[in-house]
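Visitor: If you want the building blocks of each chain, they are given just below.
There are 2 protein chains.
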Amino acid sequence: MTLGIIGLGLIGGSMAIDLKRRGFAGTVLGVESDPVNATAAHKMGLCDELVSFEDCVLKSDMVVIAVPVGSAVRMLPRVLDIFSEEGNEGKIVIDTCSTKSQIVRVAHYHRLRGRFVATHPMAGTEYSGPWAAMPNLFDGRACIFANAEESDPDALEKVELLYDVLNMRPIYMNADNHDVHTAYVSHISHVTSFALALTVLDKEKDEKHIFDLASGGFSSTVRLAKSSSDMWVPILTQNRDNVLRVIDTYLEKMKEFRDAIAVRDESKIEDLIHQANRIKKIIR
Amino acid sequence: MTLGIIGLGLIGGSMAIDLKRRGFAGTVLGVESDPVNATAAHKMGLCDELVSFEDCVLKSDMVVIAVPVGSAVRMLPRVLDIFSEEGNEGKIVIDTCSTKSQIVRVAHYHRLRGRFVATHPMAGTEYSGPWAAMPNLFDGRACIFANAEESDPDALEKVELLYDVLNMRPIYMNADNHDVHTAYVSHISHVTSFALALTVLDKEKDEKHIFDLASGGFSSTVRLAKSSSDMWVPILTQNRDNVLRVIDTYLEKMKEFRDAIAVRDESKIEDLIHQANRIKKIIR
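Sequence order for the protein chains is A and B.
Note that the working numbering numbers the first sequence so that position 49 is 49, with each residue one more than the last.
Note that the working numbering numbers the second sequence so that position 178 is 178, with each residue one more than the last.
The reader is advised that the hints may include incorrect statements.
Which copy is meant is left open, because identical chains are indistinguishable; a pair holds if it fits in one copy or across any two.
Result set (DSSO-like, lysine-lysine): computed pairs, CA atoms no more than 27 angstroms apart in a straight line [claimed, not checked]:
{"hint": "1", "residue 1": "Lys20", "residue 2": "Lys91"}
{"hint": "2", "residue 1": "Lys91", "residue 2": "Lys158"}
{"hint": "3", "residue 1": "Lys203", "residue 2": "Lys43"}
{"hint": "4", "residue 1": "Lys20", "residue 2": "Lys43"}
{"hint": "5", "residue 1": "Lys255", "residue 2": "Lys20"}
{"hint": "6", "residue 1": "Lys59", "residue 2": "Lys158"}
{"hint": "7", "residue 1": "Lys268", "residue 2": "Lys281"}
{"hint": "8", "residue 1": "Lys268", "residue 2": "Lys158"}
{"hint": "9", "residue 1": "Lys43", "residue 2": "Lys59"}
{"hint": "10", "residue 1": "Lys59", "residue 2": "Lys205"}
{"hint": "11", "residue 1": "Lys205", "residue 2": "Lys280"}
{"hint": "12", "residue 1": "Lys255", "residue 2": "Lys205"}
Read the hints as simulated data drawn from the structure, not as lab findings.
Values in this document were obtained by computation on a predicted structure and should not be read as measured data.
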């Protein structure tokens, strides 16, 4: 099939690599609005051809929207509108966004809603752009299908095959629940990393000390603070209510810790650490 | 030489492996108060012989105190007292603790202060005990020498050789400065990880969701929350003032982030993320 990928960054580019070499896509058409990224992506072989947005939608059997969630929300109805043109009604479009409530909402009343499959492949690194694209990025990770019952069965089946080729575990979930759970598990860890980086950069005026003293522990905890604002500003604002709720719980836990340290209450600190240690049972 | 290692856990055990196989130590005498860990450490070959604390100090040329900082502070003066006995005055003792002000203080007025070299090899994992010991743990990492000018030149030189054999970069620092900087760079990231684990375990009652949705990002951010209370309760209480100061800055940064999200101030969120991104220049 001809696969159109809009946005040849970390996610779109990595999909292109594996879907092409694993035979899912015969041809990959790429859309990339940033000219430097577009040239690089094409030279790297992430797509067979760079095309315009309209050409991509018209010439592809399946379209992958792999741009930040703010742009994706504006783009999806335009894709479905083009699908409405004669001879295009059998096409399929998917998105790969990290928040799902809003994108599902903008498509809800579209006549061709069934041709859209809302997905969130939960894989990534803190890097972005075509240079961050890599093979095997998705292997063994989870992919959320949001509101799958609103998609046509044949469209859903083809998209399930796509993620099966990427070796992802499918998980089916309501879009609103998705946004609650990803706020808890994914979005908060980005916020805590950003705040950690801000703190260390603020307190430690001499960057040499950070460089010298950064242990593996600090590096892994602060790693997500390298993530791009293009991606995270729309996620944090679109998922505002859920993110705020989890930040507030986080602030309470942090204050509990702070107060125990302030009065040197060793048994309370020990108790909090033991509770936190329970994460060992869940995360390897 | 005969090397005595008190505490055959992650740090002591890993030192034992590399110092023995790289020829720095001919014989390793081990002291381990936990009987299960002691048997395991001996069977694994982390030491040639398990001995009592007194025997270890009397029979070794150099003694490494690799126990949590609370115990280390109580142990160091006893080691120096045994050194005072005839024929033992040329021995050397080092500690490996993550906080340095207090341990340097307890030795300050001892007649044999010069035989003590205060060090902090900045390497580790979130695991502990003899099973966590591994070869090459220290390679390429930094080792802090605290108040090195208070150690006898010959003792310092031998300990510099020890860390050179472990392939560590020496950094010389005043003990109080060490505790300020490690609070900024190392201790805070443990506290933020503990708080993150507590938050997620609190908000997400269904552990299956955490397991399913945990991406690589979450796992790396929460990794330090697996760290043991035996190690971290004494660090956080001994370095209380510095840790509190950095927690307070952290809470301010987090609130700044929270408030920007609350009012959906996209340019403020973007600005904060850009500031946080500066960590890229320092941490690979």
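Visitor: For every hint, state whether the structure bears it out.
Guide: Here's how the hints hold up against the structure:
1. Lys20 / Lys91: within (19 angstroms within a copy, 66 angstroms between copies)
2. Lys91 / Lys158: within (11 angstroms within a copy, 72 angstroms between copies)
3. Lys203 / Lys43: Intra 43 angstroms, inter 45 angstroms, cutoff 27 angstroms: neither.
4. Lys20 / Lys43: within (15 angstroms within a copy, 51 angstroms between copies)
5. Lys255 / Lys20: Cα proximity of Lys255 and Lys20: none, with 50 angstroms in one copy and 45 angstroms across.
6. Lys59 / Lys158: Result: close within a single copy only, 17 angstroms intra versus 72 angstroms inter.
7. Lys268 / Lys281: within (21 angstroms within a copy, 37 angstroms between copies)
8. Lys268 / Lys158: neither (53 angstroms within a copy, 41 angstroms between copies)
9. Lys43 / Lys59: Classified as within; 21 angstroms inside a copy, 66 angstroms across copies.
10. Lys59 / Lys205: neither (54 angstroms within a copy, 46 angstroms between copies)
11. Lys205 / Lys280: Only across copies: Lys205 and Lys280 sit 15 angstroms apart there, 34 angstroms inside one copy, limit 27 angstroms.
12. Lys255 / Lys205: For Lys255 and Lys205, both the intra-copy (25 angstroms) and inter-copy (21 angstroms) Cα distances are at most 27 angstroms.
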